[in-house]
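Visitor: Here the protein sequences come in this chain order: A and B. If you want this note's numbering, it's the position in the first sequence, counting the first as 1, plus 6. If you want this note's numbering, it's the position in the second sequence, counting the first as 1, plus 29.
Take the hints with a grain of salt, since some may be wrong.
DSS-like cross-link-like pairs, simulated, lysine-lysine; straight-line CA separation at most 27 Å [said to hold, decoys possible]:
(1) A:K96 - B:K111
(2) A:K96 - B:K38
(3) B:K200 - A:K8
(4) B:K154 - B:K192
Listed next, the stretches of chain B that the computed footprint assigns to chain A, with coverage defined by at least 3 CB atoms under 8 Å from CB atoms of chain A [to be verified]:
(5) 33 to 41
(6) 48 to 54
(7) 67 to 75
(8) 165 to 173
Just so you know, these hints were derived from the structure itself, not from any lab. From a predicted model like this one, the values you see are computed outputs, not experimental measurements. Where is the CB? At the ideal position from N, CA and C, for every residue including glycine.
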Amino acid sequence: MKTDDLVMLLATGEGGVQRHAVARRYAAAIVVGVVVAGLLMLGLLGVRPDLAEAVRLPMFWAKIGYVAALGVASLLAVLRLSRPGARLDKVLPVLAVPVVTMWFLAAFVLAGAEPVERMALVLGETWAVCPFLIAMLSAPMFGATLWAMRGLAPTRLPLAGAAAGLLSGTIGGLVYCLHCPEMAAPFIGTWYLLGMLIPAAAGALLGRRMLRW
Amino acid sequence: MNTSEARLKDLLIRGLDGEAPVYQAFLMEMSTHLRAFFRKRLTRLPDEVEDLVQESLLAIHNKRHTYDVDQPLTAWVHAIAKYKLVDLLRRRASRERLTDPLDDETDFFSSADSEASEARRDLGKLLGQLPDRQRLPIVHTKLEGLSVTEAAQLTGMSESAIKIGVHRGMKALAALIRGAS
């Protein structure tokens with residue numbers, strides 16, 4: 007095949023391209039990821055019974071803010087990594103801010119607590135299931151994000167997969183906030199983070215195979 | 030270099046807005062830069078150069094919706110070309126040593142090579158491997174130059190089916206080329 011023929015083939019009859027294709031794909035993915043995770047949570051776990059009281063506590067919103075801030079930062083990373091040649095620039099520090107903030111808060115809480123209470127603040131009552139439930143709720147978003155990314159052009163595949171996984175972890179984490187009774191910063195700084203890192207690690211491992219184009 | 034960047038970017042943006050002849054000029058010029066880029070880096074695999082030029086052109090075409098007009102075109106094209114080059118080398122699983130570093134994106138447009146040799150694949154054979162719902166829309170709208178409406182009337186397919194067929198067919202073609210080389 008001559009290259010000139012290919013160029014002719016590509017250009018003939020081309021009618022322009024849809025604007026904002028990248029944003030549209032992720033908007034669709036987020037809608038699917040949130041709705042399916044919400045249904046999973048309602049069907050399998052249920053909303054925490056004291057939600058009406060919990061929403062009046064600052065820590066409830068601190069937890070949501072923490073997960074949401076990580077979500078925004080990972081979305082930023084995902085958007086950059088979906089375009090060839092886009093730089094990550096300050097995305098890593100932006101990712102670190104919510105984590106470091108929550109760890110500071112956790113250190114403050116632990117320092118102020120009696121030594122015998124400290125273990126309970128870290129483990130809560132649900133440490134053994136929390137990371138896995140967050141990972142489970144992130145699964146629909148994981149599929150949706152990979153679908154969105156496959157239609158774009160990631161060139162750093164393991165990194166792009168990790169960012170996609172982290173984004174889905176934060177969606178799973180946000181939905182899980184409506185079920186989870188834990189309110190202590192040491193718990194949130196540990197097990198929520200671990201739960202969100204499970205899909206991120208899966209994305210890093212699967213990236214090269216799933217995202218190739 | 031900077032004038033190339035500005036001019037090519039202008040061509041691409043007009044192409045993305047639907048000016049097909051401008052888009053063709055963009056791809057044509059892009060093929061010369063891609064050829065120079067790959068020829069310099071594949072000195073030991075000269076037979077791969079033209080295949081890779083075509084694969085990259087298809088990639089640029091199929092992924093053109095990921096170009097952000099605020100982004101330097103050089104960086105976007107360089108990242109695609111580099112990705113395709115690394116993908117090829119990975120596929121070959123060979124231990125070829127590259128003589129040049131892969132990271133000099135700034136001078137991408139400084140060299141051009143318009144001596145196209147023929148790639149080893151035959152377009153007709155590749156198209157023949159596509160299912161009719163993709164092949165016919167491509168043949169009619171892209172090889173015979175019919176409009177979408179005319180192609181729809183000729184094949185009895187709906188206009189949106191023609192558009193989807195072209196879109197999916199171009200992606201399938203890219204996958205075939207990648208698999209074949």
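Visitor: Out of the numbered hints, which ones does the structure contradict?
Guide: 5, 7
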